[in-house]
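Enquirer: Chain by chain, the residues:
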Amino acid sequence: AQTVTQSQPEMSVQEAETVTLSCTYDTSESDYYLFWYKQPPSRQMILVIRQEAYKQQNATENRFSVNFQKAAKSFSLKISDSQLGDAAMYFCAYRTPSNAGNNRKLIWGLGTSLAVNP
Amino acid sequence: KAGVTQTPRYLIKTRGQQVTLSCSPISGHRSVSWYQQTPGQGLQFLFEYFSETQRNKGNFPGRFSGRQFSNSRSEMNVSTLELGDSALYLCASSLNPGRNEKLFFGSGTQLSVL
Numbered sequence: 882a883q884t885v886t887q888s889q890p891e892m893s894v895q896e897a898e899t900v901t902l903s904c905t906y907d908t909s910e911s912d913y914y915l916f917w918y919k920q921p922p923s924r925q926m927i928l929v930i931r932q933e934a935y936k937q938q939n940a941t942e943n944r945f946s947v948n949f950q951k952a953a954k955s956f957s958l959k960i961s962d963s964q965l966g967d968a969a970m971y972f973c974a975y976r977t978p979s980n981a982g983n984n985r986k987l988i989w990g991l992g993t994s995l996a997v998n999p
Numbered sequence: 507k508a509g510v511t512q513t514p515r516y517l518i519k520t521r522g523q524q525v526t527l528s529c530s531p532i533s534g535h536r537s538v539s540w541y542q543q544t545p546g547q548g549l550q551f552l553f554e555y556f557s558e559t560q561r562n563k564g565n566f567p568g569r570f571s572g573r574q575f576s577n578s579r580s581e582m583n584v585s586t587l588e589l590g591d592s593a594l595y596l597c598a599s600s601l602n603p604g605r606n607e608k609l610f611f612g613s614g615t616q617l618s619v620l
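Sequences listed follow chains A and B, in order. For the first sequence, the numbering used here assigns the number 882 to the initial residue and increments by one for each residue that follows. For the second sequence, the numbering used here assigns the number 507 to the initial residue and increments by one for each residue that follows.
These are computed hints drawn from the structure, not numbers from a lab. Hints should not be assumed to be uniformly reliable.
Stretch-level coverage of chain A by chain B, calculated; a stretch enters the list once three of its residues show a Cβ under 8 Å from a Cβ in chain B [what the hints assert, rightly or not]: (1) 921-935; (2) 988-999.
Mimicking DSSO-like on lysine-lysine, the simulated pairs with C-alpha atoms at most 30 Å apart in a straight line are [to be verified]: (3) A:Lys959 - A:Lys936; (4) B:Lys563 - B:Lys608; (5) B:Lys608 - A:Lys954; (6) A:Lys951 - B:Lys519; (7) A:Lys954 - B:Lys563; (8) A:Lys936 - B:Lys563; (9) B:Lys519 - B:Lys563; (10) A:Lys936 - A:Lys951; (11) B:Lys563 - A:Lys951; (12) A:Lys954 - A:Lys936; (13) A:Lys959 - B:Lys608; (14) A:Lys936 - B:Lys608.
Now the in silico label distances, taken between C-beta atoms and shown as ranges [what the hints assert, rightly or not]: (15) A:Gln938 - B:Pro514: 38 to 48 Å; (16) B:Thr511 - A:Ala996: 21 to 31 Å; (17) A:Gln950 - B:Ile518: 40 to 50 Å; (18) B:Gln524 - A:Thr901: 41 to 51 Å.
C-beta atoms are modelled at their ideal positions from N, C-alpha and C, and glycine is treated no differently.
Just chain B, same shape as in the assembly (with noise of 0.2 Å):
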């Protein structure tokens, strides 16, 4: 069974550009989670789908936005892109958001902002 997929591996924006993130989760999970992880903040809980909704979301700014398809793969956007926003992202997924679900872990995206 394959894992979890995240495309691209590296991206390279400027400042004030917007970028898409995809994540497509293992076949048969419908929970999938995304996560920033920066050397001085560490990781950073950003949203969770389920079905297709939004159930959580982190405290980013409305720059972050996230959806989910039907067939579970889910994408990220960020608009407007700020220096800070230089960060690996991660995507998670699992069976179903209950508490004791086990995330599985793409490898993410490391996204570069100059």
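In isolation and in its complexed conformation, chain A is listed as follows (with noise of 0.2 Å):
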């Protein structure tokens, strides 16, 4: 079965700053996609970036961007320039595949805590 990890329960970042949060991932499809999303206090999920399995390239979206490592199977996520908004939970997400018919769903790891000190 398909799991996903993240390892940082919680995380701080100064702000204008980098920070990575972690990923990790096990399944034995070759193609699927890979998402990451924010939920603020106001609990709604929104997507921050997604990465499908087939492309090498390395997703970006302005300040997020994604170290994918297929053979690793590995999905961190890197936010950069970091501002107070940014404070979140972030959870990984992995799609299963479009021919996983009855299986197809999202499954998501625990999430990231991140705070945003000023």
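Make one complex out of these two single chains by using the hints.
Expert: Listed below in structure tokens is the structure:
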């Protein structure tokens, strides 16, 4: 069964600094999607960035970028120039392939709580 | 364009009761999925609906059920509530259930079972 592990329950970063959140996953599939979601106190889950497993190039969205290491099954999120508004829970998620049929779903890590210090 | 709307935002029930949660997707979105979020278990997939049909179901007991209406609005029902059902229930919508589809989440319904 696929699993997603976030080994850092809590992280903190100084405003304007860079922080990296870790995520590892386990799967026997070769074609899948990986996501990072942000959940602020408003509870609404917001997509930060996504990566297609068959693409070697790491995804980038403004100040957010990932380091995708397929062989190591690692998918870390780097936040550059951290802002106070980045404070939130961050979840790593794996989406099973479309050929998974009735087992197609998002599998989530337990999250990393990120604090941004002024 | 309005986002995903979940009602109610908070709910308090007692054991043995049943509850119905509602989710209105973004206009034009036809796929709706539900997740249960608890501090200990994280987010767990409940089910996914597309065009009024349940396409996928997670590993939850039969007390958890759902449906989708012709206007894509979805409801989930939990019968015979247990203390362990206390959780944040999140709904997400997308245009279609494709694997690359971006999911848009609502702010959830916080259910407390006493």
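Enquirer: Give a verdict on every hint.
Expert: Verification of the supplied hints:
{"no.": "1", "hint": "921-935", "result": "holds (count 8)"}
{"no.": "2", "hint": "988-999", "result": "holds (count 5)"}
{"no.": "3", "hint": "A:Lys959 - A:Lys936", "result": "holds (18 Å)"}
{"no.": "4", "hint": "B:Lys563 - B:Lys608", "result": "holds (19 Å)"}
{"no.": "5", "hint": "B:Lys608 - A:Lys954", "result": "holds (22 Å)"}
{"no.": "6", "hint": "A:Lys951 - B:Lys519", "result": "violated (45 Å)"}
{"no.": "7", "hint": "A:Lys954 - B:Lys563", "result": "holds (26 Å)"}
{"no.": "8", "hint": "A:Lys936 - B:Lys563", "result": "holds (29 Å)"}
{"no.": "9", "hint": "B:Lys519 - B:Lys563", "result": "holds (25 Å)"}
{"no.": "10", "hint": "A:Lys936 - A:Lys951", "result": "holds (10 Å)"}
{"no.": "11", "hint": "B:Lys563 - A:Lys951", "result": "holds (28 Å)"}
{"no.": "12", "hint": "A:Lys954 - A:Lys936", "result": "holds (14 Å)"}
{"no.": "13", "hint": "A:Lys959 - B:Lys608", "result": "holds (21 Å)"}
{"no.": "14", "hint": "A:Lys936 - B:Lys608", "result": "holds (17 Å)"}
{"no.": "15", "hint": "A:Gln938 - B:Pro514: 38 to 48 Å", "result": "holds (43 Å)"}
{"no.": "16", "hint": "B:Thr511 - A:Ala996: 21 to 31 Å", "result": "holds (30 Å)"}
{"no.": "17", "hint": "A:Gln950 - B:Ile518: 40 to 50 Å", "result": "holds (45 Å)"}
{"no.": "18", "hint": "B:Gln524 - A:Thr901: 41 to 51 Å", "result": "holds (45 Å)"}
When held up to the earlier numbered hints, the structure conflicts with hint 6 and nothing else.
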